[in-house]
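Enquirer: I would like the entire structure built from these sequences, with the hints used as guidance.
Chains U and D supply the protein sequences, listed in that same order.
For what it's worth, the numbering used here labels the leading residue of the first sequence as 1, then goes sequentially.
For what it's worth, the numbering used here labels the leading residue of the second sequence as 1, then goes sequentially.
Source of the hints: derived by calculation from the structure; they are not laboratory data.
It should be emphasised that the depicted structure is a prediction, and the values quoted were computed from it without experimental measurement.
Fair warning: there could be bad hints in the mix.
What the hints assert, rightly or not - Here chain D is said to cover these stretches of chain U; the calculated rule only asks that three of the stretch's residues, wherever they fall, bring their Cβ under 8 Å from a Cβ of chain D:
1) 127-133
2) 187-195
3) 306-319
Even glycine gets a Cβ: it sits at the ideal position worked out from N, Cα and C.
There are 2 protein chains.
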Amino acid sequence: MADSEALPSLAGDPVAAEALLQAVFGVVVDEAIQKGTSASQKVCEWKEPEELKQLLDLELRSQGESQEQILERCRAVIRYSVKTGHPRFFNQLFSGLDPHALAGRIITESLNTSQYTYEIAPVFVLMEEEVLRKLRALVGWSSGDGIFCPGGSISNMYAVNLARYQRYPDCKQRGLRTLPPLALFTSKECHYSIQKGAAFLGLGTDSVRVVKADERGKMVPEDLERQIGMAEAEGAVPFLVSATSGTTVLGAFDPLEAIADVCQRHGLWLHVDAAWGGSVLLSQTHRHLLDGIQRADSVAWNPHKLLAAGLQCSALLLQDTSNLLKRCHGSQASYLFQQDKFYDVALDTGDKVVQCGRRVDCLKLWLMWKAQGDQGLERRIDQAFALARYLVEEIKKREGLELVMEPEFLNVCFWFVPPSLRGKQERPDYHERLSKVAPVLKERMVKEGSMMIGYQPHGTRGNFFRVVVANPALTCADMDFLLNELERLGQDL
Amino acid sequence: MADSEALPSLAGDPVAAEALLQAVFGVVVDEAIQKGTSASQKVCEWKEPEELKQLLDLELRSQGESQEQILERCRAVIRYSVKTGHPRFFNQLFSGLDPHALAGRIITESLNTSQYTYEIAPVFVLMEEEVLRKLRALVGWSSGDGIFCPGGSISNMYAVNLARYQRYPDCKQRGLRTLPPLALFTSKECHYSIQKGAAFLGLGTDSVRVVKADERGKMVPEDLERQIGMAEAEGAVPFLVSATSGTTVLGAFDPLEAIADVCQRHGLWLHVDAAWGGSVLLSQTHRHLLDGIQRADSVAWNPHKLLAAGLQCSALLLQDTSNLLKRCHGSQASYLFQQDKFYDVALDTGDKVVQCGRRVDCLKLWLMWKAQGDQGLERRIDQAFALARYLVEEIKKREGLELVMEPEFLNVCFWFVPPSLRGKQERPDYHERLSKVAPVLKERMVKEGSMMIGYQPHGTRGNFFRVVVANPALTCADMDFLLNELERLGQDL
Ligand SMILES: Cc1ncc(COP(=O)(O)O)c(C=O)c1O
Ligand SMILES: Cc1ncc(COP(=O)(O)O)c(C=O)c1O
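Expert: Structure (structure tokens):
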């Protein structure tokens with residue numbers, strides 16, 4: 001090969017690349033952004049798995065395809081995907097499409113860098129620091145540390161790992177075998193990631209002591225105290241309490257002040273899983289729900305949920321200023337974190353994490369925040385609370401709807417009681433039959449594509465709907481639609 | 001609030017949203033895609049951190065900003081970011097901008113769903129399954145399991161967790177305390193994520209037994225055998241060997257057949273960390289480097305590296321057909337994985353992972369593969385090998401360049417010996433002085449923005465450059481430029 005002779009470039013020429021991307025962007029705007037957020041369109045286009053496989057022709061083959069075929073594939077992918085930005089998507093703790101956040105995501109993807117060094121991510125290293133500083137300020141901390149993790153589950157795991165490392169720095173090298181049995185505490189309403197994390201981190205799910213919650217779903221501090229005593233009596237060493245601000249199903253806020261008192265008394269690390277509820281800190285009106293959070297050692301907060309920043313966007317925030325994160329996770333790889341660089345290597349944040357390559361998760365949030373300001377985001381939170389309140393009042397007014405409880409957050413939980421069961425609460429099979437209603441309605445709404453609402457059993461309660469009021473584009477009309485549609489779908493039951 | 005009265009929508013109207021996104025997309029095309037991949041533009045625009053903070057005005061304030069200001073911010077973010085798609089970006093194990101993969105990423109972001117249930121990710125649940133099937137077929141498996149993880153480090157951790165769970169299913173519940181000390185084996189050339197993983201999983205870094213590598217960086221099977229014996233003699237229980245296919249610095253491939261023999265003899269789980277080298281399986285010419293990989297129990301493979309799929313894209317592949325992944329990680333959360341759904345709940349793959357929300361990482365790879373076919377991707381790999389070979393031959397021809405070793409992969413490692421040190425190998429301070437050269441050249445290239453190459457010390461060797469030939473758009477001219485530029489930058493040293 002002569003040194004001046006270029007191999008044919010297979011990456012294609014930039015003109016063709018631009019043409020493709022322009023065409024795809026056109027499809028995205030029409031199908032995902034316009035139709036995908038329009039109430040007059042379906043929220044989903046249900047297909048049975050076997051049929052969908054046929055429609056998508058997923059197989060990867062030897063030969064490549066033409067640009068026309070590729071565009072057709074892009075259209076099909078969007079067509080058969082669920083529109084999570086749609087005003088009738090109430091199914092998860094995230095919903096809605098924020099155009100600024102999406103703009104930030106598109107820029108992130110076009111730059112495709114990794115967050116580990118200032119060298120290759122100068123803008124994002126500084127930006128992450130600033131966004132974390134802002135989130136910490138909302139928690140009530142003027143200093144501290146933090147990092148964006150690939151989701152709240154991993155943020156929670158980080159907290160557990162940091163707490164055990166702080167108490168037993170040896171365990172990084174020597175592992176858990178030489179330690180006494182450890183115990184961590186969380187309420188029965190906690191997110192399942194606490195259990196998953198305990199297993200993954202080698203503690204085992206037995207190390208999770210489940211504290212009672214009251215009928216609203218809030219941790220009972222007296223039972224926490226009791227469980228700590230019991231664990232100690234059994235020879236275990238309590239090291240962490242994970243309180244939840246905004247539980248997954250009921251949207252409950254644990255009483256942080258009382259829990260912080262217990263933690264202080266026993267010298268325990270207080271972690272607050274505010275993956276769902278953290279964004280309430282932006283609202284002057286509602287932030288009292290998290291009173292006491294400033295006493296936490298760590299907080300997990302997912303802007304990809306209530307703030308609609310886009311998956312994944314989860315911050316772990318720490319009060320620590322002793323470089324705990326880096327001491328706990330660092331391994332000083334000399335090929336990446338060279339110490340003889342020409343800039344301040346403290347800017348290379350990559351050794352704070354257990355990942356190596358790490359996506360840029362801060363830009364989408366930063367850009368949205370710049371566009372909205374604290375004020376715009378606060379209005380969104382307040383509006384969501386107002387709409388949830390509106391929905392609750394409507395539920396109370398209408399026949400055949402029964403609230404599970406007065407919500408304190410944006411999870412509105414209720415039963416749809418179909419005509420055939422109304423006034424039949426005394427029948428012995430009432431609860432069993434009521435429990436079968438939500439799955440049937442779910443199937444109907446999904447197959448019609450008219451809306452999506454999650455349901456679940458919970459403790460001794462049979463299946464009920466959980467409507468999550470999170471999409472910033474929602475209006476009262478959407479709430480009305482939701483209830484009317486349930487009535488329509490369930491009138492023959 | 002009257003039930004027909006809508007709250008003002010703060011999500012903005014769709015027309016304004018579209019206008020914003022169109023404008024941002026225009027900026028992305030001009031700045032990130034066109035200029036960002038053009039050899040006539042800078043690969044980076046270096047600024048000192050303090051100056052960059054001023055330029056970016058990162059602070060998040062109370063008031064939101066106008067659309068014009070937001071567009072200016074988008075331009076600034078792109079301007080000061082490193083262009084990892086640029087033909088002069090040789091700094092990491094990923095490089096280049098594949099337009100189809102980027103199209104897949106933009107669609108992913110516009111749909112913003114989570115991969116946990118068929119309910120909200122029907123297309124992507126099926127697509128992930130198909131992509132994993134394809135990757136497994138390239139490994140040589142006609143059945144098995146797998147999942148996309150947030151990076152190769154976490155894929156490696158999964159493998160370790162699965163191996164210990166398979167041997168001691170109890171540890172999920174009871175933790176490591178009741179187990180004998182465990183030992184895992186990997187070579188000194190392994191990626192640091194093995195150490196980080198051992199610490200995170202509670203095993204401790206002491207559980208990682210470091211096996212010798214030969215002068216090419218390949219694990220020495222005889223020393224593996226010896227280390228296993230030693231660990232057993234010390235009372236530890238060996239359970240896993242992590243071999244590396246494509247080491248991070250030298251690009252070495254461990255001898256998998258010989259290592260698999262050892263694993264078979266001792267009943268150990270064989271994990272292959274093919275995060276970097278896995279994509280070589282696509283090349284009929286070069287796949288022999290991974291001979292024996294079909295004997296592994298698990299494989300980690302990052303298409304975000306050599307295939308330029310975009311961060312994050314990392315597959316963990318398993319030979320297992322016993323549902324180990326779900327048994328090991330599952331927690332059967334009833335609010336998400338309801339068993340009374342109207343479709344086959346085996347399609348809800350979310351309980352296979354330790355995450356809850358999980359990004360869609362398969363579409364970008366699938367779309368690129370559809371466009372390229374196996375053949376197109378194979379040509380890319382073969383071309384990268386040819387270009388690396390070209391670069392090596394040029395290095396040998398030129399004065400002042402010294403290869404660290406003949407590479408077998410795409411990591412081309414060499415010293416630039418500046419004029420003042422040429423022919424001075426006998427001087428006592430030669431190595432010390434040579435070691436200082438790469439950091440100086442790195443500073444110069446970054447400040448000029450002409451190219452980016454990583455350097456590192458390695459074992460007893462002082463700092464040398466590691467050029468990674470991965471960008472599919474590279475030509476021989478780029479290789480020539482690289483060497484000429486080094487000579488230009490270092491002529492006065
Ligand atoms: C209270 C709570 N914590 C943590 C999580 C986990 O967050 P992620 O899905 O980002 O892992 C969730 C998810 O729903 C949650 O509701
Ligand atoms: C051999 C090897 N394994 C694993 C990893 C980790 O992959 P990731 O950066 O996706 O965590 C790397 C990263 O460079 C690597 O080189």
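Enquirer: Are the hints correct? Go through all of them and say.
Expert: Verification of the supplied hints:
no.: 1; hint: 127-133; result: holds (count 3)
no.: 2; hint: 187-195; result: holds (count 4)
no.: 3; hint: 306-319; result: holds (count 3)
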